[in-house]
Structures are given as C-alpha cells and as structure tokens.
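Residue numbers (UniProt numbering), protein chains in the order written: chain L, 1 to 474; chain E, 1 to 474.
These aren't lab readings, by the way, just hints derived from the structure by calculation. Heads up, some of the hints might be wrong.
Heads up, the list lumps identical chains together, so a pair's fine if it works in one copy or across two of them.
With a Cα cut of at most 27 Å, we get these calculated BS3-like pairs of lysine-lysine [said to hold, decoys possible]: (1) 456 with 220; (2) 410 with 277; (3) 376 with 252; (4) 376 with 304; (5) 277 with 332; (6) 354 with 220; (7) 277 with 374; (8) 220 with 106; (9) 88 with 252; (10) 304 with 374; (11) 370 with 304; (12) 278 with 106; (13) 252 with 220; (14) 62 with 43; (15) 252 with 456; (16) 370 with 252; (17) 354 with 332; (18) 88 with 53; (19) 88 with 62; (20) 456 with 410; (21) 106 with 332; (22) 372 with 304; (23) 278 with 304; (24) 220 with 332; (25) 152 with 9; (26) 456 with 401; (27) 374 with 252.
Treat the numbers as computed from the prediction; the structure is a model and nothing was measured.
One-letter residues, chain by chain:
Number of protein chains: 2
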Amino acid sequence: MPAPPEFLKYVDDNANNFIQRLADAVAIPSISGDASRRQDVIKMANWLNNQLKAVGVTTELKDLGTEQIEGQTLPLPPAILGRIGEDKNKKTILVYGHFDVQPASKSDGWDTEPFTLVRDEATGRLVGRGSSDDKGPVLGWVNVLQWHYENKKELPVNLRCCFEGMEESGSEGLDELVGRESKPGGWFEGVDAVCISDNYWLNTRTPALTYGLRGLAYYKITVSGPARDLHSGVFGRTVYEPMTDLIAIMGKLVDSQGRILIPGVEDLVSIADEDEKKIYASLDYSISDIEESAGAPIALSSDKVEVLMGRMRYPSLSLHGIEGAFSGVGAKTVIPAKVSGKFSIRLVPPQTPKLVDPLVRQYIQDEFSKLKTKSKLEIEDLHGGKPWVADHNHWNFEAAKRATWEIYGKLPDLTREGGSIPVTLTFAESLGVNVLLLPMGRGDDGAHSTNEKLDKANYLQGTKLLGTYLYEVA
Amino acid sequence: MPAPPEFLKYVDDNANNFIQRLADAVAIPSISGDASRRQDVIKMANWLNNQLKAVGVTTELKDLGTEQIEGQTLPLPPAILGRIGEDKNKKTILVYGHFDVQPASKSDGWDTEPFTLVRDEATGRLVGRGSSDDKGPVLGWVNVLQWHYENKKELPVNLRCCFEGMEESGSEGLDELVGRESKPGGWFEGVDAVCISDNYWLNTRTPALTYGLRGLAYYKITVSGPARDLHSGVFGRTVYEPMTDLIAIMGKLVDSQGRILIPGVEDLVSIADEDEKKIYASLDYSISDIEESAGAPIALSSDKVEVLMGRMRYPSLSLHGIEGAFSGVGAKTVIPAKVSGKFSIRLVPPQTPKLVDPLVRQYIQDEFSKLKTKSKLEIEDLHGGKPWVADHNHWNFEAAKRATWEIYGKLPDLTREGGSIPVTLTFAESLGVNVLLLPMGRGDDGAHSTNEKLDKANYLQGTKLLGTYLYEVA
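Just chain L, with the same shape it has in the complex (with noise of 0.2 Å):
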C-alpha cells in the first residue's frame, strides 16, 4: 500500500526542519578513524539516541567494548538498537546506518568548512561531511517516524534499528552484536527482511536498488633477499634482487585488459547469460558517465554491458603498490632488501577468499619457482570478505520498486556494486533474511571525498522513498 498523502506532504512542509536536523548532525564531528575524535563519535551516539526517543523509539545504548588504537585504548562508540511496535501480524523490518563519518578537512580540498552544513540554493546542493554517508539516511528514518508519531500513526511494520559508529573504521564489535541480538530472545529476533540505506545511485539521474556486492580478497607478497638495502652500482649483476623477482610475479596477475591471469579463479564464475545481461544493458548508465566520473577515456570497452558486468558480476584484480622500494622523488640507487607487493582481488559469486586462496598461493608459487631465484616469497592475506548477491524479485526489492515508482515516477536500476559493505554480509547470514539496499544518494555525491554532498531533493524524496517503503513492504 502507498504511503499517506500526509506523510508526503508533511515531509515537503518540514524541509527546512529535517534540514537543520542534517545540519546538527554534521556539526559533530564524528571520524571514527581519528583516535582525537573518539569522545565526538560517542556525542554523535548519544545525540541520535535522543533523536530517536524523541520521535517514539524505545532504545538501548549496546556497549561494544574497547579498541587498541596507537597504542592507547580507546572506548568503542556504542551503538543505538532500537525497536517500535511488536504486533505478530505484521512484518519486521530491521533498518540499519551509521553515525560516524571519513576524517575530512578544509586542507584536503574541501572549498567550505566540511563539518557545516553548506545549503548551496543555486545547486540544490547541501554539502558536508557525512551529508550523504550516512547522516542524511540515518535521519531520514528519524524525519519518517516524526510524522508518525507527531500524528500518532502506528507504523505499518514492526521496526528494528541497529545504527553503528564504528561503518568507516571496520565496524569494529558489530559483528558480535549483530551474532548476539539475532538469536532467540535478542533485539533482531522474529526480524523478516533488512533495508540498509547506505550506498548510492549508479548515477545522478535515476534510483537504484542494491541486491549485489563484491567480496574481497587482499594480498601482500613480500620477497627478500640480502640482509639490508644494497648499492646498485656494487651489487648490480653480483646477487638476485628481490625487486626483480617481486615485479616479475605482480606482472603475472592480471593483464591490461583485466583479465585475472591466476589459473581457476576466473573459471569459479558462470557466463553471463543474454536474460542477465538484459539487466545490464537497461541500466540508465553510459560509457560515458564511467569516463567522466575516471576523469580520462580509459574505459576497457565501448560496450556498456561488458563495462557494467566489469565492475558488477566479474572479479577483478588490481595492483596497488609495494612498500619497501624506494617510493620518493628523483633517482635512487638502491637495491631494495625485502619488498611487498600489495594486490587484491574483487570476488562475486561463488568466489570466496576460501575458494580463491588455494589458486592464489599455488600460481605464485609456482611461479616464484619457475624464477629459479635465491630470493625467499612470503605470501599473506590481510583481509577478505565474501560476496554478496540477494534475489532481487524478493517481496522486499518489489515493496522497494513500488515505493521508488511512486515516489520517482520511474522503475529503478537495479544494481550490484563493485566494492563491498561487510556489514551486508553479516545481516544476510546472521539472520538468514533478505536484505536490501535502498540508497538515498546520488552516484555524484562524493561519499568519501572532498564536498562530499547530498542533495536536498534526495534528502527529501529519499525521506519520502524510506517512508513508503515501509508501507509498501508491510
């Protein structure tokens, strides 16, 4: 069922109100990865708690214990669980975002103050850090449950929220959290589907539904050989060189096409059939939007679905540097003692770091074999996550497709993403349920970047889109 007209109205009649509520938000200072910042991350928690009293929500502050972090221990943020209603013959929709935000700064670029809301009226632009991850989500729940309960309007579910501050810094203790609260008894149990509105649009022109991530497997290799750094004009021609041997297995990974070159791993990955590529191909995205947003024509194909399936349904595999080379400016002659080269690897269905690790460790070692070097290999991997697709004709994308048709006046894209949101994945296994991803935001909005922004007609028909939502989906 469509939301009340009310509720719609409401929302364009508070816009300054949820606005200024943004505003407040983004004033705290809540970067999670800044140890100096810790007691703002906790400030923000307790501000959103109150937020969410305040509009009807029975919560609990969840202590999430502590963090080693240079050498200090420093106090996890709590995060706020939340719950309105427990009727049986409704469904139970658990909502998730995060309150903490990326480290921003005026030096790094940014051309206003990141932690003031800036209302640019000639863009429609309100611009600051957090506006659009995840700030502007997070309290377009809150702007949907004021109305409610202004009006006192029961929900047409029952809602459960889990909001963190620790999304940009690993979510660190909200695994355990999510393990805990989802068993008999805990805040997520009888929970029939998950919307995490977290990500963005593929573009700046049309909504997206979520129903795909790609997991991650990250490697460092390290190869050594003399005991310290050595000069090249003494040593050159005389011992292996670790660098040498090092370039020789990263140059074996990948090719320039992106092609992964590490037998197996490709072959995991079914082909895509002409009824997927179908989804592809009616995305509203162009080869050009992937150059602009690259800043260069260095696109791999001038086929937008091939491009898509790159970025959406294949692995890919990415070279990102080495440490222990000599990385500065100008010329140096060294011979470096021991090098890492850091690689990972982009994993969608049915790849995991498990299934891939084997292959991974075989190759390179193999090949480092074949090198016939007295250098020594070391191969670690730092960390992984798997990937992550949900069925999206699940009653929970339809409610969400309705919702985006009522509020947009358009079908949405339908899309995977390329890089990973971990927290996904713990929803998904830990309560065994649907999860969707309802982005609020534009594929523009420069989540982790300098003017990082949201739009003010996102962040009001986004309110809308959360709302309706809710009515759809009860």
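Got chain L sorted already, so can you dock chain E onto it with the hints?
Just chain E now, with coordinates in the frame of chain L:
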C-alpha cells in the same frame, strides 16, 4: 725509485699526530647534502687550506658560485687548488680528494658519536664519519707533504692538488672548474697523470688499484590514466589501470638472473676472453666475500669469475621502486592514477647513455604498444654518466703496483668498480691523461653507512703508499 726510509719511519713515529689531524678533520661535520651544515663545509675548506699551506703548498680557494636548495640560495663551498714545484724535468701529478661527507647522526644507528673520531685499540679501527671517505686519504697527502716540508726535501714530482667539498652532492661546480683549469694557463696545465684516493679495496686483506668504473643511465617511466586515484571496488575491471601496465613493462626489463632483456643493450659488450678472465680469477675474492657483505647467500653464481665480472665488466639493470603507488604499511584498495617506475642500467664500455637510450626507449614503447592499453606512457632519463676504463699497464699504474709491493709486500688486486665516481671521467676527458684510483681503505669501511671507519694500519700504510707512489711515478 722507492721512498726514503726516513719518510717511512717518520710516518710510524708520527702516528699519534696524524691520527689527531684526522680527529680534527672528523670533528667538523662538513655534510654537503645538509643545507644547515653548509657553513661547516666552508669551515672545513678553510681548515684544510691552512693545513696545506702549513706544509708548503701554494693554494687558492676557488669560488664555485651558489646553488638553489630547498628554496634557498646557498654558497657552494670553494674548491682548493694547490701546487708544489714547477720543474720541467719532473712529471706533474694531480691528486684529487674531497673534504665533504655523507650525513650521519647517532639516531641512524651509530654506536658512537659520528663526528668524534673514536680510536678502538682492540680492533685498530678509527671510527668516525669521513674517516675513510675521504678525509683519511686527503690527510694522507698532507702527512706525506709534512715530512718533506719539515725536512726540506724536494718532492720527486711536481704536485697539483684538487680538493672539493661537494663530492657527496653531485660535485656541483667541479666539471666547469676542471674544464677551465685544464686549459693553457690553468692550474692543471702540464699534468701528466692523475691519482685519486677515494675508493676501497675489494676485501679486507689485499690492496687494490682500480682501473674501471661503470657508467649509469637512470630512467623514470610514468604511466598515467585516470584524473585521480580510483577506488578498486568501483573501478576495478572497468578501466585500464596504470599500475598493471607499468608492472608489465618493468617485468620485461631484466630477468631474475640479471640478464638485461632490452634487445641490443647486452650485445654492445664484448665477451671476456681467457686472458681477461685470468685477471678476475687472480683477485683475492671469494663468493663468501660477496655473500658476507650482502648478508645472505644470494650470489648469482657459485663461480667467482662470473660474479666478479657481473660487478665489474658487465652491465646491470636494477629496479629501484615506484613513485605514486601505495607504498605504506597495511592494506589500501586504491587504483593509483599515475605511477612512475624507476630503474637504472650500470654501463660498461663501449656502452654510453647516448648509445643505450634509443634502445631503451624503442623497446619500452614497443612493449607498451603490445599491451593495447589506453594508459599514457612517458619515458624520462633522470641522469646518466659514461663508464670509464683506464690502461692498467700505464706507467702510472706500474708505479702504484711497485709502491704497493714495497709497502704491503704483495701485488695489488687490479679491480674495476661497479659504481661510479664521476670526477674520474671528468679528469680523464678534460686532461686526456691516465687516471689511477689508489684506494686507502678496506672493503668493509662502511663509507656511506653507520660506524664508518678507517683502520689505523690503512691510514699509516696508506700514507706511506701515497708517498712511495710519488717516488715510483717520478
């Protein structure tokens, strides 16, 4: 003719005075690469100038102008030119050395204060920055002249000196000075041969004469694509990645066994015949010497002659590192926008930077074309220098061989060095005469490293050797 026995005895009798002279020199931290120490380099020039005048040398401090460093204009330390004797019936010998040093501080890992000469009676080592590189050898000449001056003995040759204070920083200003002074009417007019004492024995046991140095061609190859760094989740397998292309090219330059893969580069070099191999076979050197100095069993061959030829008479190619990629610790999922690989080729005759440059560029461009990438390639040569080989049967070398036999009771190793001493080529080309490298210190002196030392025995025997060389060359 051998040196007078009185001179040899005088060196032993004055050991403590000579060591005190070295201690006084080491106490001046004349670090040419540190702008804040520039006045100390100038102070060192004045100190040395006074030492030379006190032993009868006619000197002149030559102003070399200024340099721009870290945004400030710094005066270059003056070079010291000196002369004794104008006898048309004597040979004229030019000696070169430098009075500046590499940076050093206790925090680098020195066991003692680097600018205080420490006399270790147990090992016989004189420990301090510059003891071996190159204050010890320079003062060796002063010690020689002191005996002649105090005893009113005429030198067997006309002597010319050139001591500079910028050797550790590219010998700024020296090429022009040598060029000017080599012309008629210049300080170096009439020079018959050059002797430079600024390198090391091959090992810790056997004196050496050095007759060859490798040249250098240093390259930076830059591959660029996107306008900014990209997120590998969002862009992996949608765009051409500069790192993939750069690593592919760097992987095609040299193999693990040290063979240069750029067509034509190795072909320029002749194959060693049996006679030449005998020179390497006769050197007092073993595989364990090189593995000990590298700190690991990583020699490219178990054949001593092969390993020595790899260092001395074959070219080498070393990969130094990458600028612009992720080089920190930890895991970062970046696709770097612009990356520059640094490598250099050590050259041997008849290779020159000019001869190998077109081969390097053509090969890299050809291999890059094969990648069929949309990334952009730029090739820059950062700096270069020609290799140098002298005739080791020249009377200049023969004199040094006899002098070595007289002082050490053995024939010297005839070595070529894998690195460069650019001033050698400057003298050889400007003056068109034979240049001899006559080292004072041992292979383990740690010239640019922590705990630099000169063995007391080398300082005293080396002083005798320099003096005896003047008599033998006369």
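Please work out whether the CA atoms of residue 88 and residue 252 approach to 27 Å or closer within one copy, between two copies, in both situations, or in neither? neither (57 Å within a copy, 67 Å between copies)
Could you figure out if residue 88 and residue 53 sit no more than 27 Å apart (CA to CA) within one copy, between two copies, both or neither? Within one copy, since 23 Å is at most 27 Å while 104 Å is not.
At most 27 Å between CA atoms: does that hold for residue 278 and residue 304 within a copy, between copies, both, or neither? Result: close within a single copy only, 11 Å intra versus 66 Å inter.
At most 27 Å between CA atoms: does that hold for residue 374 and residue 252 within a copy, between copies, both, or neither? So residue 374 and residue 252 pass the 27 Å test inside a copy (19 Å) and across (20 Å) alike.
Homomeric proximity label, residue 354 with residue 220: Cα distance no greater than 27 Å: The answer is within: 16 Å in one copy meets 27 Å, while 39 Å across copies does not.
Intra/inter-copy verdict for residue 376 and residue 252 if alpha-carbon distance must be at most 27 Å: both (18 Å within a copy, 21 Å between copies)
Classify it for me, residue 62 with residue 43: is the Cα-Cα distance of at most 27 Å met within a copy, between copies, both or neither? within (14 Å within a copy, 68 Å between copies)
Up to 27 Å between alpha-carbons, please classify residue 456 paired with residue 220: within, between, both or neither. neither (43 Å within a copy, 47 Å between copies)
Evaluate residue 304 and residue 374 at a C-alpha cut-off of 27 Å and name the case that applies: within, between, both or neither. between (46 Å within a copy, 17 Å between copies)
What label fits residue 376 with residue 304 when the C-alpha limit is 27 Å: within, between, both, or neither? between (43 Å within a copy, 23 Å between copies)
From the Cα coordinates, with 27 Å as the cut-off, is the pair residue 88 and residue 62 best called within, between, both, or neither? Only inside one copy: residue 88 and residue 62 sit 26 Å apart there, 97 Å across copies, limit 27 Å.
Alpha-carbon proximity between residue 252 and residue 220, which holds within one copy, between copies, both or neither at 27 Å: both (15 Å within a copy, 22 Å between copies)
Hints 1, 5, 8, 9, 12 and 15 from the earlier list are contradicted by this structure; the remaining hints agree with it.
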